[in-house]
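Asker: Going line by line, the protein sequences match chains A and B. Here the first sequence is numbered in the working numbering, starting from 1 and rising by one per residue. Here the second sequence is numbered in the working numbering, starting from 1001 and rising by one per residue.
It is worth saying that the hints were derived from the structure and are not from the lab. Note that CB positions come from ideal geometry on N, CA and C, so glycine has one too. Just so you know, not all the hints are guaranteed correct.
To be verified - Quick list of in silico lysine-lysine cross-link-like pairs, DSS-like style, CA-CA up to 27 Å:
hint : chain 1 : residue 1 : chain 2 : residue 2
1    : A       : Lys246    : A       : Lys165
2    : A       : Lys122    : A       : Lys183
3    : A       : Lys190    : A       : Lys31
4    : A       : Lys140    : A       : Lys30
5    : A       : Lys122    : B       : Lys1080
6    : B       : Lys1233   : A       : Lys140
7    : B       : Lys1080   : A       : Lys74
8    : A       : Lys30     : A       : Lys19
9    : A       : Lys31     : A       : Lys246
10   : B       : Lys1269   : B       : Lys1233
11   : A       : Lys223    : A       : Lys3
12   : A       : Lys140    : B       : Lys1080
Stated by the list, open to error - Which chain B residues face chain A? A few, computed with CB under 7 Å, are given here:
hint : residue
13   : Ser1108
14   : Asn1111
15   : Leu1155
16   : Thr1157
17   : Asp1168
18   : Asn1169
19   : Asp1171
What the hints assert, rightly or not - Now the in silico label distances, taken between C-beta atoms and shown as ranges:
hint : chain 1 : residue 1 : chain 2 : residue 2 : range
20   : A       : Glu126    : B       : Ala1146   : 37 to 45 Å
21   : A       : Lys31     : B       : Phe1231   : 52 to 60 Å
22   : A       : Lys30     : B       : Lys1290   : 53 to 61 Å
23   : B       : Leu1239   : A       : Asn17     : 44 to 52 Å
24   : A       : Val16     : B       : Ala1182   : 34 to 42 Å
25   : B       : Gly1282   : A       : Ser117    : 39 to 47 Å
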Amino acid sequence: MLKLNHISKTFNAGTVNEKKALSDISLHLKKGEFVTVIGSNGAGKSTLLNAISGSFGIDSGSIELDGKDITHTKDFVRAASIGRLFQNPMQGTAPAMSIEDNLFLASGRSGWLGRISERDRKDFREMLAVLGMGLEDRMKSPVGLLSGGQRQALSLLMATYHTPKLLLLDEHTAALDPAAAEKILELTEKIVSENRITCLMITHDMDSALHLGSRTIMMNGGKIIHDLSGAEREKATTGTLISLFKEETCGAVVSDRMLLS
Amino acid sequence: MTSLFQTTLELGLISSLTVLALYLSYSMLNICDLSTDGAFTMGAAAGAVMVIAGHPFLAVPSAMLAGALSGLLTALLQTKMGMDSLLSGIVVNTGAYSINIAIMGGSSLLNMNGRTTVFSFITDALAGSSLEAAGKLITAAFFVLAVGTSLAFFLRTRLGLALRAAGDNPDMVRSSSINITAITILGLCISGSFTALSGCLLACYSKSANINIGTGMLTVALASLLIGRMFFKKGGTALGIAGAVAGSVLFRLFYTLALRLNMPAYMLKLASSVIVIIAIAGPHFLEKAKKRGSRLTAAALFKRKESHHAEIKSYIKNF
Ligand SMILES: Nc1ncnc2c1ncn2[C@@H]1O[C@H](COP(=O)(O)OP(=O)(O)OP(=O)(O)O)[C@@H](O)[C@H]1O
Ligand SMILES: [Mg+2]
């Protein structure tokens, strides 16, 4: 479904701030594969997701989605088949607009000049009810009044309204309290598996990295340093991940925090 | 004989079209469009030229087209040419001065005395009926109603929602499949056409267009918008639009009252500036005062906690 062929990205090339954020990354994701991504701060995880969604052009390599080369496709065009969620729950929704307006916007229903119909409202109600947060009774209230967890749940609904070919999650539960984070992860798993969405999820939580999905990749210094799946991943524990990470960064002073934080 | 009140209402309605333009660009898209003055004059100039050429009705779409082009340029500068949104407005506004004189055939004043305008056409059509005196008012109200309802309708469509979202959370729109550049361009074109329509109507109403007709319009309209917002704080876009129109009429009313109280006419611009300052700085200071208030209570709480600790300590000691 997704093929990254030798992609590289250097920020501020030729200046003192030059930073090689992605270095010759190749990654193939099969249709419906759910891959978790871990790595220390600055490893290039977010940059990888931004490159896939087209926030900036890459320096070399190519990106293929569902058989189509999208290396030079504009970000908003890619967004039609790529859903995204960010760490900041404020980022995915428009706060001054109501819940139903946000959903209608994401739904892309009835063309540009269409307006919300009663049928849309009924569908939105049903979708919201699945969240179990009581949002279906507050469809006319502005999204800005919702809690972070509720906003993130709504963002998730919006990002997957039309089953995307690829879902990119960048630490989408990191800013939530543990209970809300749990709930959002549950929802994520449910939506992703029900619709068999191909998904890349960045997380700093080793447990969810190993328990969600079927494959885990570890990044460091703009490279993929480990790619765990199958039996190897079954056996792995948080401890395994940390020792793998230490081994790779050979001898450098590494604390568990670097990986976990 | 039209009353002073009616004139106030007419002028308020005519300038409310500029307020609606700002409602779209400033309140919805979150862009302060500094080319407003130039677009207003451009509408007046284009309209006047058409009226003098004997096309009172073509004057309206011509003016709107001119305003849309001015908005298009402002939008292109900030979305495609890396210019800051304020600067692009200033640049277009400055350039518009020359363009406007060129439109008026090199003159800085056009006179439409004795020409048919939309206002005189309607008034003539109503001649003899009891509505004759209200001809201008009806014309102005018609345009405001038409623009207001189409704007209200537009903002409820998916395109309108995309435009609101672009101002509300540009980050979200940027990571969605909506082309934020196209949305910005569209929004500024529409608001430019409203501003120019407003200018065209004012010129037709006063039967003359001069190069300074739009000077200060941005601040006047902003003041009206903020007055309107005070009365319609909450509520959807329909109320917001009604508030913008009401704000414009109220602003004119205040102004007329001030004139009656012997304020010289040249004070209009200062009054609009002061209103904008109060409307923006007022809430800002209120917010600050509220914060200071909460800081005080936090300090008080802390003190109470400390005295509580001392009490416990002395209790333990005495035990
Ligand atoms: N737009 C940018 N301009 C310049 N440098 C950037 C830019 N985006 C990222 N970088 C740099 O690229 C490197 C990788 O950043 P990235 O955000 O991908 O890390 P990350 O793995 O997501 O880390 P974290 O866990 O902290 O989110 C960092 O050194 C960062 O400073
Ligand atoms: Mg990151």
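Asker: With reference to the structure, classify each hint as holding or not holding.
Answerer: Hint check results:
Restraint check for lysine 246(A) and lysine 165(A): the C-alpha separation of about 35 Å exceeds 27 Å, so the hint is violated. Simply put, lysine 122(A) and lysine 183(A) have alpha-carbon atoms about 24 Å apart, close enough for the 27 Å limit, and the pair holds. Proximity of lysine 190(A) to lysine 31(A) is assessed by CA-CA distance (about 17 Å); at most 27 Å being required, the pair is judged to hold. As the CA atoms of lysine 140(A) and lysine 30(A) are separated by approximately 40 Å, the hinted pair breaks the 27 Å bound.
About 40 Å separates the Cα atoms of lysine 122(A) and lysine 1080(B), which puts this hinted pair outside 27 Å; it is violated. Taken as a hint, the lysine 1233(B) and lysine 140(A) pair is honoured in the structure, with Cα atoms around 17 Å apart against an allowance of 27 Å. Between lysine 1080(B) and lysine 74(A), the direct Cα distance comes to roughly 14 Å. Compliance with the 27 Å bound is thereby established for this hinted pair. About 30 Å separates the Cα atoms of lysine 30(A) and lysine 19(A), which puts this hinted pair outside 27 Å; it is violated.
Between lysine 31(A) and lysine 246(A), the direct Cα distance comes to roughly 32 Å. Violation of the 27 Å bound is thereby established for this hinted pair. With a C-alpha separation of about 25 Å, the suggested pair lysine 1269(B) and lysine 1233(B) falls inside the 27 Å cut-off, and the hint holds. At roughly 16 Å between alpha-carbon atoms, lysine 223(A) and lysine 3(A) fall within 27 Å of each other, so this suggested pair holds. Note on lysine 140(A) and lysine 1080(B): the hinted pairing is violated, with a Cα-Cα distance of about 36 Å set against a maximum of 27 Å.
Residue-level restraint check for serine 1108(B) is violated (minimum Cβ-Cβ distance to chain A is 41 Å; threshold 7 Å). Checking asparagine 1111(B) against chain A by beta carbon gives a least distance of about 42 Å; that is not within 7 Å, so the hint is violated. Using the Cβ-Cβ criterion of 7 Å, the hint placing leucine 1155(B) at the interface with chain A is not satisfied: the shortest such distance is roughly 10 Å. Nearest Cβ of chain A to the Cβ of threonine 1157(B): about 5 Å, under the 7 Å cut. The hint holds.
Interface restraint check: aspartate 1168(B) against chain A, minimum CB-CB distance 4 Å, threshold 7 Å, status holds. The criterion of a C-beta within 7 Å of any C-beta in chain A is met by asparagine 1169(B), whose closest approach is roughly 5 Å, and the hint holds. Nearest Cβ of chain A to the Cβ of aspartate 1171(B): about 5 Å, under the 7 Å cut. The hint holds. Between glutamate 126(A) and alanine 1146(B), the C-beta spacing of about 38 Å keeps the proposed range 37 to 45 Å intact.
Evaluation of the 52 to 60 Å hint for lysine 31(A) and phenylalanine 1231(B) yields a pass: the beta carbon distance comes to about 56 Å. For the hinted restraint 53 to 61 Å between lysine 30(A) and lysine 1290(B), the CB-CB distance of approximately 55 Å keeps it satisfied. The given range of 44 to 52 Å is respected by leucine 1239(B) and asparagine 17(A), whose C-beta atoms sit roughly 49 Å from each other. Distance hint check for valine 16(A) and alanine 1182(B): the Cβ-Cβ separation is about 37 Å, which falls inside the suggested range of 34 to 42 Å.
Separated by about 41 Å at the C-beta atoms, glycine 1282(B) and serine 117(A) satisfy the suggested range of 39 to 47 Å.
Going through the hint list in order, the structure does not satisfy hints 1, 4, 5, 8, 9, 12, 13, 14 and 15.
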